[in-house]
Structures are given as structure tokens and as C-alpha cells.
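There are 2 protein chains.
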Amino acid sequence: MKYSSIYKTALLTDVLPFWEKYSIDPAHGGYFTCLDRTGKVYDTDKFVWLQGRQAWLFAMLYNTVEQNEKWLDISKAGINFLKRFGKDPQGNFYFSLTSDGQPLIQPYNIFSDCFAAMAFAQYAKAAGDGEAGKIAEKTYQNILERRDDPKGKYEKGTGTRALKNFALPMILSNLVLELEHVLPSDQVERTLDTCVDEVMGTFLKKETGLIYENVNLDGSLNDSFEGRLINPGHGLEAMWFIADIASRRKDMELLDSAKATVLRLLEYGWDDQYGGIFYFMDAKGHPPQQLEHDQKLWWVHLEALVALAKMYQLTECPKIWAWYEQVHQYTWSRFPDPEHGEWFGYLNRQGHPHLTLKGGKWKGCFHVPRALYQCWKTFETIENKNTLQ
Amino acid sequence: MKYSSIYKTALLTDVLPFWEKYSIDPAHGGYFTCLDRTGKVYDTDKFVWLQGRQAWLFAMLYNTVEQNEKWLDISKAGINFLKRFGKDPQGNFYFSLTSDGQPLIQPYNIFSDCFAAMAFAQYAKAAGDGEAGKIAEKTYQNILERRDDPKGKYEKGTGTRALKNFALPMILSNLVLELEHVLPSDQVERTLDTCVDEVMGTFLKKETGLIYENVNLDGSLNDSFEGRLINPGHGLEAMWFIADIASRRKDMELLDSAKATVLRLLEYGWDDQYGGIFYFMDAKGHPPQQLEHDQKLWWVHLEALVALAKMYQLTECPKIWAWYEQVHQYTWSRFPDPEHGEWFGYLNRQGHPHLTLKGGKWKGCFHVPRALYQCWKTFETIENKNTLQ
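The listed protein sequences correspond, in order, to chains A and B. Residue numbers are given in the numbering used here: position 145 of the first sequence equals residue 145, and the series is strictly consecutive. Residue numbers are given in the numbering used here: position 387 of the second sequence equals residue 387, and the series is strictly consecutive.
Among these hints, one or two may not hold up.
No distinction is drawn between identical chains; accordingly, a pair holds when it is met within one copy or between any pair of copies.
[Stated by the list, open to error] The calculated lysine to aspartate or glutamate pairs, modelled on EDC-like cross-linking and capped at a C-alpha distance of 16 Å, are: (1) Lys284 with Asp36; (2) Lys156 with Asp88; (3) Lys361 with Asp282; (4) Lys361 with Glu226; (5) Lys206 with Asp256.
These aren't lab readings, by the way, just hints derived from the structure by calculation. The structure presented is a predicted model; accordingly, all values stated were derived computationally and were not measured.
So here's chain A without its partners, still in its complex pose:
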């Protein structure tokens, strides 16, 4: 089977049906994401990251794959739930809600807002819904306003060791393109400039070729647990966002740098003993704080596949292809669940699931279908080009 067909088939006949069947809450709207191995709901809390991500995913598929009304309805169920219950009186999105929409956990950071903005923007496009577009734009501007103090009163740091974190510039480099149709075009380009600068000029360090999760405010390295933290999957995901920007801007230098970073992160993050990509590492080789550091997570491997497929499409580099095949073999032989459908999320270092859930507090309907979609489309382009040659 062609690679594009593998991804397309998995997306349309395995992963989407799983979420369509098990995650919808007909009583209150929104989605259940705590699904056990068989799809059974084991907890009804609604995590706003995952509500936004699933609403985004179905609207994105409606916009790009097929104007399937069922997909639009699923997206709408999340959008309406978020519109009605998602925000606190100040307009910040909560972290979590009860199944019937009562707020559970306060907006203690701005990632809920990022995924909500993505969702409202895609839904606005899908449904031609101007109000959703306005919510997307307003949420985005609110994210920018909170940017320098994203945790507000929940910030536990004293300021003695002020660090800036990689997550926001990384997410923005993708989010701003998601919101392109609701933002002024000069703001889009300016934000892309800043994101590329930060991701490739500040968090990526030439000395090691690695992307650091936290750096000093002046961009220098900080020798602390936070400052030494490397999350290879995070870096790999960022590199496909950067590849999209490089491709859009036809910036070959940027593409080259992103390609080198993908190769470096894989060489660095690959577990030579058991295979797979480590979750957390310490740049100086010290023990990381995260007890889950050596686990193999679904999203890390899927984002690596997207980064490698896109890099191969854009550069045809044989080293990239060799890594693609290695990660493909590891990922496809371990994460999909042939028995009950969808993908396992959490493998131990040895590559066996230590939790068999299909969804939870952090795993929802997002990384699996998004990566399957991205790889499907990327391989379609690669395969069409090869046919033409």
C-alpha cells in the first residue's frame, strides 16, 4: 500500500470513527475525552485544551478533506459548548469544566485560549460564522496581551530566575497561520517574523543544535532543571511548523536549518537500546525531574513523522528518508491498537503500553488525526510528483 493510503485509511476508517462513535456528549454538548481502550467513557470532566482541539480537528477536515455535514456538526457541538461555558468573566478560557459546563480549574495559563482560538477560527471558515471569527480574533489578541505574564497570579516563580518558555512562540508560529483569515495580514507576517526569530534564533542553540524548553530573558542558557530541559518531540513538532513557514516564504536557508534540527533532535532523542524517542532529557545528561522522562509518547512519534514527511517532500534528503522509515517502523508497529481501534498513547521505555487509554486529560482527538491528515496529504504530494517524473 502507498504511504498516503496507509494514513488516509487509518484516519478515515479507524481514528475518526472511534471519536465519532465514543466521544460525543449528546446531553450537554462538547466531548468526552476520557475513553478507555474500548472507547468507554471512564471520566466525564471536560478539558478545554481537548474541547478546542477536537472542535478544530473536525472543522479543519470539513475545510480541507470533504464538506461532510456530520463533521461540521461535531465541530459545532464543541464550539457551542465552549461559547456557552468556556470563558471566565474576564474572557479567559478555563482549564477544565464539568460535563455540564461548570468551571472546575481556573485559566492558570493561556494554552486553553490557544486551542480555543484555533477552533473558533476553523469553525468560522467551515460554517461561514462571523461571530466565531470574532471570538477567534478576540481570543488571539487576549493571548498576545497575556503573553508576558501568561500565568498571572498563578505564577509560582519569584522572578529571581526569570525564564522564557518555548511553548508560546512555538504554538504562535502555527496559530497565526490558522488565524490568517481573521487577522490583519501585516500582523500575520510580523508575528511569523518574531516566531521564526524566537524559535530558530533564541531557543535553538547553535552550540548543541538542540531546542531548549526554557532560556534566560536575554536568550542565554540557564543551568537549572528548567534551563537544561529538552523535549525532543516538542522540537520536532516546531520544526514542521517552521517548514510550513519556510515553504510559504520559499526561504531555503530557514528550511535547511529546520532540516538539520530535525536530524539532530532525532539523533539526540532516539533510544538506541529500545528504540523510540525519549520524552524528556537533560541537556547536560543529568537526571531529569520528570519521572516519565524515558517513556515513549504517541504525539512525539506522530509529530516526528509529520516533520520527516514534510522535510522529505521539501528536500528529498536521503538521511531524512532513512529516519522516516525508522520512526515509521517503530510507530506503526506499537501505537495503533488493532483490537479496539485508535492509538495507544503511553508506552513504557520498552515500547509496551503502560496505560491503555485512548483518551484522558491530555490525549484527545488531535495529534493522531492531525498527523494522519498531514502525512496523508504530504505523501500524496510526494507520490504525485514521483508519478510525474
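Got chain A sorted already, so can you dock chain B onto it with the hints?
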């Protein structure tokens, strides 16, 4: 070798020398706790829990084992560091500090204060230091004042699902006895009453025989991730605090109930496939949120040994003895590091260290030496009694 000798030898010739040799910071006072497998300092941040715990440990040994001036000096180094740098302007203990005492992480909960209070109280006794006694007492009263809102502005919950947490009543049941010499005696007895009520009457549930980490404010169970959370090691540690209280009060009914809970927690938490006690479990058997749920932690196994040794001393129950031998065999064959000394902290489910550190953000000079001391003294009592028979 007699059990008492195993514990005494490990404490005095392995574990204490390790911390005496590697953890002292001659430049700024206080202790380094981030020590790699060989004892080398890999990070210099100072975590207040661990500063307090180490200062407590050496003062406790001075008070109970031997008036060794070196031990008093080591305790004093932590006490002076905490006195000078540990508190914010409101008198709350920070979570962490730089090596030279600058505050890093705010007092976002009250456990730093609990371990500081323990330290100042033991040091007061050891050094005959009235000022330290006053700090202990004041810190203790501050803990009680913050009891109903321990996280203050850092609380992320909205109040929709208000839960009470097991940690504080559990810690208080030990802390109040640690502070007995600086507190009014009626307060001590009253607090013990409350703690026993809460631990055995509220968090321990007759229906399952398990101790829940979080319950509703009215004491009923809550069907949520937090409400279903079981931490067998936490429960086992609490049961030896309760055994101490039962022993002090000659309350056989309380002792019986604690013994039954020890047996139940071990049956429930034991990993039949690989051995060892799980870290986190879900009372309904759902997937826990904690990715480290199936790991085997040093403190869990040491606290289990203390609970079992004390229970055996007090009840001579053969079932308790069978469990003691099983946990002993597992623990002593896997956690101590014969090559570089001290104990590993973090084993994977299979029982192999996935981090080889001897100390870090959460592991310091506390659970290992405290448990070795407790088991040494408990077995001495058991062995002396047997000799007399």
C-alpha cells in the same frame, strides 16, 4: 545478621556517611540534595522540604542515637540557612531557593512549613535553643491558620468541586508529636483526636478498606480523577503514624484498624506480576492520570517496612510478618546501591532504576535514614523481647 543490625549498619556506615560527605554546602550553608549516583552535585538549587527534612534528621539522630557534635553541626547548617533565607515577609516558607538563599519558588503550599517546623523543633531540643523552639511553634500555628486554604492565591480550583486532601491531616498526626515539647499539651491531644478522626474516619473508607487521597468536604467519595486517587505508600506511612498514636494511647481498637489497613493496602497495591508496590492507583480501576503510576519508589517501600515492623512489634500477627518478609526481600534486593552507596529512588515497574540519582527535587536525606532508624529501633525492641521470653 539480626534485622536490627542490618538497619543500624546501613544507617551508620552507608547512608549517613553518604550525606555527610556529599550534601554539605560549605559556602552558603544548607544542603545540596541533587546528588548523582556517585554523590556528585549536579544541581545546586535548594528545596525547602529537603532542607527542613535533613536538618530534622540529623537533630533527631543527635537526640535519640548519640550526641554526636558532627550531627548537630550538620543540623545547624540547615537551621541557620532556613532561618536566614527560608521565609517570605509574611513568614511562610518558600518552596525553593538558589544555593545562596535567594527565593526561587513562592510558598504555594504549606508542606515546606511542615518540614521546617519539624526541623526547628528537633533542633531546639538538640541544641537547647529557645529561639528555634519559638520558630517551630510559630510555624506550626501558621500552618493551622492556613489549613483551610493552604494554597492561597495559587489554588487553581474554582470551588465547584471542593475536596479535602489527605496529606495535611496525615502529616499533622506525626508533626504534632514532633512538636509536643513546644506546644500546650491540650492542643497536642486535641490535634491527635482530630487527626485520628480524619485519617481513620474520613479518608479511610470501610467499604473498600482503602485510604483516598481526596474526599468531598462532607467526607463522601467523589468520582473524579482526584477523588479516585489511591497512593498506597502514603496510606502505609500514615498507618505507622497511627500505630505510634495507638501505642501511646494504648488504644487497641485503633491499632487493629491500622493493622487491617496495612494488610489491605499491601494486598491492593502489590504488583503481582513484577513485585513491589505501585505508586498511584485508581480506586475504580480506571487509568490514573500520573504517568509514573506503575513505578516503584524508594519511600513507598521504606514506609511499608516501617509500618510492618511496628505492626509486628505491637501485634505479632503472622500475616504482618509474611508481608514484612516479602517487602523486605523486594526492597533490600533492589533499592540499595552496593557500588556507590545510598539507595536508588526510582525503579520502573520491572524493578530496575530508571534514574540513578541519590537525591533530587524530592529525594533527600529523609525517608531512607528515617526508615532505617525506625526499623533498627523497632527490631531492637522485638529482638530484646524475644531474648527475654
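Please flag the earlier hints that this structure goes against, numbers listed from lowest up. none
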